[in-house]
Amino acid sequence: MPELEQVVAILVSTVRAGTPLVFAALGELITEKSGVLNLGIEGMMLVGAVTGFIAMVLTGSPILAIAAAMAAGMLMALIFGVLTLTLFTNQVATGLALTIFGIGLSAFVGLAYVGTPIKGLQPVDIPALSELPIVGPLLFGYDPMIYGSLVMFGLVAWFLYRSHAGLILRAVGESHDAAHAIGYSVVKIRYLAVLFGGAMSGLAGAYLSLVYTPQWAENMTAGRGWIALALVVFATWRPARVLAGAYLFGGITILGLDLQARGIGFSSHLLATLPYLATVLVLVLMSRDAAKIRLNAPASLGRPFDPYR
Amino acid sequence: MRQIKSWLGLALAAGLVAAGLAPGGAVAADPLKIGFVYVSPVGDAGWTYQHDQGRLEMERALGAKVETSYVESVPEGADAERVIRKFASDGYQLIFTTSFGYMNPTVKVARQFPSVHFEHATGYKRAKNVSTYLARFYEGRYLTGIVAGKMTKSNKIGYVAAFPIPEVVRGINAFTRGLRSVNRKAEVRVVWTSSWYDPGKEREAAETLISQGADVITLHTDSTAPVQAAEDKGVWAIGYHSDMSKYGKRAHLTAATHHWGGYYTKVAEDAVAGKWASNNTWGGIKDGFVKLAPFGDAVPADVRQLVKAREAEIAAGALHPFAGPVRDQAGRIVVAEGQAMSDKDMLGMKFYVEGVVGKLPK
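Chains as they are written, first to last, in our numbering: chain Z, 21 to 329; chain P, 3 to 364.
Calculated directly from the structure, the hints in this document are not laboratory data.
Be a bit skeptical, because a hint or two may be false.
List time: in silico DSS-like cross-link candidates among lysine-lysine, alpha-carbon distance up to 27 Å [unchecked claim]:
{"#": "1", "chain 1": "Z", "residue 1": "LYS139", "chain 2": "P", "residue 2": "LYS110"}
{"#": "2", "chain 1": "Z", "residue 1": "LYS139", "chain 2": "P", "residue 2": "LYS248"}
{"#": "3", "chain 1": "P", "residue 1": "LYS127", "chain 2": "P", "residue 2": "LYS110"}
{"#": "4", "chain 1": "Z", "residue 1": "LYS139", "chain 2": "P", "residue 2": "LYS235"}
It should be emphasised that the depicted structure is a prediction, and the values quoted were computed from it without experimental measurement.
Just chain Z, with the same shape it has in the complex (with noise of 0.2 Å):
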């Protein structure tokens, strides 16, 4: 069954291709829950991707090159926080120097480590499971890291929507002046989405510099942490949406691969954009209801809360 077999190969690459994505907007979307809007993605993944490829190149183990890569995209959240949460600069103006600024960092730091060889994360391998027919590649046959995104989901629905915890911080993002008067820590939750965020992005960064493209090249990302930001706003702050327009981000530009490569004449540039296009479409369709919109977009978001004003 060669068909089926192209089939499920278009699959697993789909999920790979939308795991980054699944990391950073699942991490953006906890921040902008809690009412912080953070346009720094793009940069933290890029810290993120060259500090876990140097722990990897130093170490030699992907786990401490995951909490590495982890680790310093929570730095870089730490910056963001501390000029947004307690200096109260502007978080749009502030997240886009997060981003400039990540990506010279980044440049600067790999410029001995580009071209350096490493051997990228391999796939479990599960000796029965993983060799059955079409299951076992479809769901036995990826890197731990993409498990570790699907733990994360689960994890993130969870908080959000069926713990206490996940209560308030919806709250702190819907009206911090309530939040603050009923006696929560308004800036202290918001620095720890805040860090969320931070360390979401930094395995978004070390699924591509470990898995997807066992390098590091400068500017690697390519602007995958603006889709993720696009992600969150378009699935309208709800994490299976999030995950579902990741996927189907993914889906789309390797199914546009997939006809270039059997020869089908479509116009490459239309290929292109159509993952956009699909995604937008799609969420918006999904989410066309005006009042759910403004039910679940948190209304405190961007603005800037001062305790003690």
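On the provided structure of chain Z, position chain P as indicated by the hints.
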């Protein structure tokens, strides 16, 4: 307190921006000052890397007679004009601008600095103080096509390419002509990534081609990800711009590589001697602009000999990659037997030759 805090914040934010935008250094001294404007980071392989290798080769050859500096990652357009003007007004007498999109800024600045010499790569606008230069990369492509034709078992070759512009199409066609000159059954499949640089997407494109049966992968994009994909998936790879064997120790067969050092040295010598003149240079294998990277271990001796022989024929002018009969995909004869395609037709190439699968996007 509030105000101090926000000023401090603003200063920190400004510091972030400044740190992110700081350009590569420039230096000043007595000898002939030569500036280079690069479109991407110098990196470790690719278009800009090869230009920078050329710059270094020129420095080594001319020693104290020249003093060079460069600015990397300069976006095409207004930024480029600013950088070029800065070089010119800082006393640089010879300025190389190495991307097509620098054409108009170069010509504009050249008009304002008539005593400064400008060298623009890949463009077509010249002036009394503006030369243009380009390399016949297609000659190298033809030779790598021969290697692919000899090495493929599945007769399917995967080609990861950025944009369907004549420069890229010419490379695909020359590669296919070389391929079919030794293997009539082999075909080329092209995937366009619509981006010069996206390692993730380039890797996916290569893996897609491999999953559809391609057993040789080549590329016309700026990252090395397709070579790495070939290495990981156990098929062959042919590099471009630079020797990419580091990314595919087993897979890398050879690469069509760019060499600007000889030209840069000659132009700088002329400028030092006061003999610089506006020219249009399109150099190939004969002139040392294009070379093949060392063969990988897997390439057998007879294939190496064949490629070397063809290389010598091209250098001697006895073999032209687009010598007639050249047929397009429909089998129509585009160049008649006994003729070779003119430079003008090659520069505007907008069709696939026979042997490429699929339609050329318009």
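Do the hints match the structure? See the list:
no. : hint                   : verdict
1   : Z:LYS139 with P:LYS110 : violated (48 Å)
2   : Z:LYS139 with P:LYS248 : holds (13 Å)
3   : P:LYS127 with P:LYS110 : holds (11 Å)
4   : Z:LYS139 with P:LYS235 : holds (13 Å)
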